[in-house]
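Between the sequences and the hints, there should be enough to build the whole structure, so can you do that?
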Amino acid sequence: MHMNWFKYSSPQTFYPLAGKMIPWFFWAASLLCAVGLYVSFAIAPTDFQQGEAYRIIFVHVPAAWMSMFIYLVMAGWAAMGLALNARLSAMMAQALAPTGAMFTLLALVTGSLWGKPMWGTWWVWDARLTSELILLFLYLGFMALQSSIDDPRRADRAGALLALVGVVNVPIIYFSVKWWNTLHQGSTINMGVAPKMAATMLLGMLLMALAFWMYSVAVALMRVRCIMLERERSSDWVKALSIKGGK
Amino acid sequence: MNQTWLTLLRRDLLLALRRRSDIATTLFFFVIVSSLFPLGIGPEPAVLSSIAPGVLWVAALLAGMISLGRLFAADFADGSLEQMLLAPQPLAWLVSAKIFAHWLVCGLPVVLLAPLIGLQYALPNDALWVLVYSLLLGTPTLSLIGAIGAALTLGVRGSGLLVALLVLPLYIPTLIFGAGAVAASQHGMSAEAHLSLLAAVSLLSLVLAPLATAAALRISVE
Numbered sequence: 001m002h003m004n005w006f007k008y009s010s011p012q013t014f015y016p017l018a019g020k021m022i023p024w025f026f027w028a029a030s031l032l033c034a035v036g037l038y039v040s041f042a043i044a045p046t047d048f049q050q051g052e053a054y055r056i057i058f059v060h061v062p063a064a065w066m067s068m069f070i071y072l073v074m075a076g077w078a079a080m081g082l083a084l085n086a087r088l089s090a091m092m093a094q095a096l097a098p099t100g101a102m103f104t105l106l107a108l109v110t111g112s113l114w115g116k117p118m119w120g121t122w123w124v125w126d127a128r129l130t131s132e133l134i135l136l137f138l139y140l141g142f143m144a145l146q147s148s149i150d151d152p153r154r155a156d157r158a159g160a161l162l163a164l165v166g167v168v169n170v171p172i173i174y175f176s177v178k179w180w181n182t183l184h185q186g187s188t189i190n191m192g193v194a195p196k197m198a199a200t201m202l203l204g205m206l207l208m209a210l211a212f213w214m215y216s217v218a219v220a221l222m223r224v225r226c227i228m229l230e231r232e233r234s235s236d237w238v239k240a241l242s243i244k245g246g247k
Numbered sequence: 001m002n003q004t005w006l007t008l009l010r011r012d013l014l015l016a017l018r019r020r021s022d023i024a025t026t027l028f029f030f031v032i033v034s035s036l037f038p039l040g041i042g043p044e045p046a047v048l049s050s051i052a053p054g055v056l057w058v059a060a061l062l063a064g065m066i067s068l069g070r071l072f073a074a075d076f077a078d079g080s081l082e083q084m085l086l087a088p089q090p091l092a093w094l095v096s097a098k099i100f101a102h103w104l105v106c107g108l109p110v111v112l113l114a115p116l117i118g119l120q121y122a123l124p125n126d127a128l129w130v131l132v133y134s135l136l137l138g139t140p141t142l143s144l145i146g147a148i149g150a151a152l153t154l155g156v157r158g159s160g161l162l163v164a165l166l167v168l169p170l171y172i173p174t175l176i177f178g179a180g181a182v183a184a185s186q187h188g189m190s191a192e193a194h195l196s197l198l199a200a201v202s203l204l205s206l207v208l209a210p211l212a213t214a215a216a217l218r219i220s221v222e
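These protein sequence lines are chains E and F, in that order. Numbers 1 to 247, taken from this note's numbering, label the letters of the first sequence in order. Numbers 1 to 222, taken from this note's numbering, label the letters of the second sequence in order.
Treat the hints with care, since some could be wrong.
[Unchecked claim] Computed footprint of chain F on chain E, listed as stretches where at least three residues anywhere in the stretch have a Cβ under 8 angstroms from a Cβ of chain F:
| hint | segment |
| --- | --- |
| 1 | 151-158 |
| 2 | 163-171 |
[As the list claims (entries may be wrong)] Cut-off 25 angstroms, straight-line C-alpha distance, at most; resulting in silico cross-link-like pairs (SDA-like, lysine to any residue):
| hint | chain 1 | residue 1 | chain 2 | residue 2 |
| --- | --- | --- | --- | --- |
| 3 | E | Lys178 | F | Leu165 |
| 4 | E | Lys178 | F | Gly158 |
| 5 | E | Lys244 | E | Leu31 |
| 6 | E | Lys178 | F | Pro43 |
| 7 | E | Lys178 | F | Leu119 |
| 8 | E | Lys178 | F | Ser202 |
No lab work stands behind these hints: they were computed from the structure. Backbone N, C-alpha and C fix where the C-beta goes; we use that ideal spot for every residue, glycine too.
Here's what the structure looks like:
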């Protein structure tokens, strides 16, 4: 039997497939989120040092994970788009960027909300906070570059190259910031040693991370569908779609 | 191949010398930005010398950045960039000559002027030398990474601000190691580790940045 691996690499065939996949991912996200929130807020024990305020980590940590993970996935799609010259890969990279930036911002905001009761300050120049902030800058640069180039093909490829340059730089930035931070250890906060976590806490965090992951997939697929329609608006399949009513 | 490289370098330097105001702009920008800080913060020598490494390095960073727009814009406008793309020599090789010329014109003057500004910031002698070394090792990275940003934003509307957004986050390691070297020598520690890392970042970008810039130029010009 011969299988065509590239069947879904064209927007025309991927558009309906993505439409079918979105509800599944949304349901998975809502279900995981409901269970995850229940575990995090009802089952997980109160932390004896931090009280109830620690529960924000159930949003914060998964968001931080996703922010880094999405950047890697985005760069992966970008590399594939450059290497195989595939339109859809570049569209996926473009569709992922806003979600990644959103999670980065969420991680920063929840981090500072957590920092206020714990450390007594909204912001410290901690290595992790600082590198997360720089990650946000990288996302913003990617989106700004893509949106300021009118020709979509050029925007795709320029953005892809920038994402790859960013990926090479992320570890260098991370370690330089980390080292900078240990040299400037002025404050008394020690984030290095994480207290032993209860199993339910870890479970809650993993469930929330999975929920965020499913949500990211669903939202990226929705966005990529919009991008496909916009880019291919003069093609026959989009015209046929608009006559049929968009299904 | 070397002949082409030298010719291109000579041409870029000659073009820069014919328009001396371009060099002066970068240099004055560096001087003015670093003179603003004492006015904003106050003239105590202790405070100034403690912020000097960071301020001078940030000023050097910004000075290197504002001149990036000129790196490829003129060649793009008069079509000579397309000739470079079509040339039999590898584009990355030609681009490296342009980047080197950019560093000679915009980076080196800042390196040479920096100790003078450092003196105004009450930096001790040892730290002044480390400042020069660190800038000498670090400013080529600024030109190299900056070239990627300049190539990506070639002919894009609002490219001046866009370059800042793309390039400044990538400058952070250089800033940290560069300013860290000066600060370390101020505190009586050895600056060697910082300088080694700075050199490592420089060498890495020397290998990768011309290739990335060449790829970016092909994307922008096609």
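Here's how the hints hold up against the structure:
no.	hint	verdict
1	151-158	holds (count 3)
2	163-171	holds (count 5)
3	E/Lys178 with F/Leu165	holds (22 angstroms)
4	E/Lys178 with F/Gly158	violated (33 angstroms)
5	E/Lys244 with E/Leu31	violated (32 angstroms)
6	E/Lys178 with F/Pro43	violated (32 angstroms)
7	E/Lys178 with F/Leu119	violated (30 angstroms)
8	E/Lys178 with F/Ser202	holds (19 angstroms)
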